[in-house]
Amino acid sequence: MVELGELEAKAEEFSKRNTQVFAISIENQETVKGTQEKFPHLKLVADADHKLSDAVKAVPTDEVVNAPTTILVDGKGVVRWVFRPDSYLRRLSPEEVLAAVDEYAPTR
Amino acid sequence: MTTALQPTPLATRSRGRLFFWLGIALCLAAPIINFVQIQVMKQLFVPWYAAVLLTVGVALLLYAVTRRAGVIRVIFLGLFALLCAFEWLFLVVLTKLPAYEGPARTGEKMPAFATTLADGRPLTDKDLTQGQASVLVFYRGRW
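So the protein lines, in turn, are chains A and B.
Its first residue numbered 1475, the first sequence is counted upward by one per residue in the numbering used here.
Its first residue numbered 13, the second sequence is counted upward by one per residue in the numbering used here.
Calculated from the structure, these hints are not laboratory results.
Just so it is clear, CB atoms sit at the ideal spot from N, CA and C, and this is done for glycine as well.
A hint or two may mislead.
Computed from the model, here is a short list of chain A residues facing chain B with C-beta under 8 Å [said to hold, decoys possible]: (1) V1495; (2) A1497; (3) P1514; (4) K1517; (5) S1561; (6) R1565; (7) A1579.
The calculated DSSO-like cross-link candidates involving lysine-lysine, where the alpha carbons are at most 30 Å apart (straight line), are [what the hints assert, rightly or not]: (8) K1484(A) - K138(B); (9) K1507(A) - K121(B); (10) K1550(A) - K138(B); (11) K1550(A) - K1484(A); (12) K1490(A) - K1507(A); (13) K121(B) - K108(B); (14) K121(B) - K1531(A); (15) K54(B) - K1490(A); (16) K108(B) - K1550(A); (17) K1512(A) - K1525(A); (18) K1484(A) - K1531(A); (19) K1490(A) - K108(B).
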């Protein structure tokens, strides 16, 4: 949960950029509800049936859970940036995500 | 007439001792720094330094064993060599992630979807067209 905690800590910065942050989980709804309480500024998505994950193919072949993937969408619903690290251990820092928002989907 | 000094038992025992303890320190430093990286610094990058520290540590242990092959030294060398091999396997092979080949492509509309927020409200691709930018972070659960 380090990744979500770091994003939550930068909620104000995302808000300044008129940007909402969705965290997509394939855990069951009760678990995601509990996670939402810990990170109130993020919008937790309870995607247990993989409707969103399958729509963007976030789960690699031969895997059962999402690969860490970040998709930036502008205010018109157009994808502006997709990031998938080359290691399961790597995550974007919130500063890197904010920099991507500023570069690819500036709203201010 | 002078006679060559023979190594005393104490001197024999201490052969390579500095390298042994330095090797142990480097091998133990790897998991400790990794813990600090994630739990204290909250930095999620690939810990290549851990594999490097273990490799140097094992090399020092190996040198210490060549100086004096005590049972304890050989045991520690074996254990840390195994840990080092696993660390490289883990970083290079087991945690390798395939490149993204999905339908979300830069410059194109977000693929259609209909899912649910944590509080049960629906969320669809139409909700991402209301003027606010959106960051979608797919995460694996507890880590």
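Pair hint K1512(A) and K1525(A), alpha-carbon separation not exceeding 30 Å: 24 Å, holds
Chain B contact restraint for K1517(A) - C-beta distance below 8 Å: 6 Å, holds
Per-residue hint verdict: R1565(A), partner chain B, C-beta under 8 Å: 4 Å, holds
P1514(A) as an interface hint toward chain B, with CB separation required under 8 Å: 11 Å, violated
Straight-line alpha-carbon gap K1550(A) to K138(B), limit 30 Å: With a Cα-Cα distance of about 9 Å, the restraint between K1550(A) and K138(B) holds, given a limit of 30 Å.
Proposed proximity, K108(B) with K1490(A) (alpha carbon, max 30 Å): Roughly 35 Å between the alpha carbons, so the hint for K1490(A) and K108(B) is violated.
30 Å Cα cutoff - pair K1484(A), K1531(A): 27 Å, holds
Hint consistency between K54(B) and K1490(A) [alpha-carbon to alpha-carbon, up to 30 Å]: Distance ~23 Å between K54(B) and K1490(A) Cα, so the pair holds.
Hint consistency between K108(B) and K1550(A) [alpha-carbon to alpha-carbon, up to 30 Å]: Since the Cα atoms of K108(B) and K1550(A) sit roughly 34 Å apart, the hinted pair is violated (cutoff 30 Å).
Hint check: 8 Å Cβ-Cβ cutoff, A1579(A) to chain B: For A1579(A), the interface hint holds, since the closest Cβ of chain B sits about 4 Å away, which is under 8 Å.
Hint check, A1497(A) versus chain B [nearest Cβ-Cβ separation less than 8 Å]: Check passed: Cβ of A1497(A) comes within 5 Å of chain B, closer than 8 Å.
Restraint status (C-alpha distance of K1507(A) to K121(B) at most 30 Å): 29 Å, holds
In terms of the numbered hints stated before, the structure departs from hints 3, 16 and 19, listed from lowest to highest.
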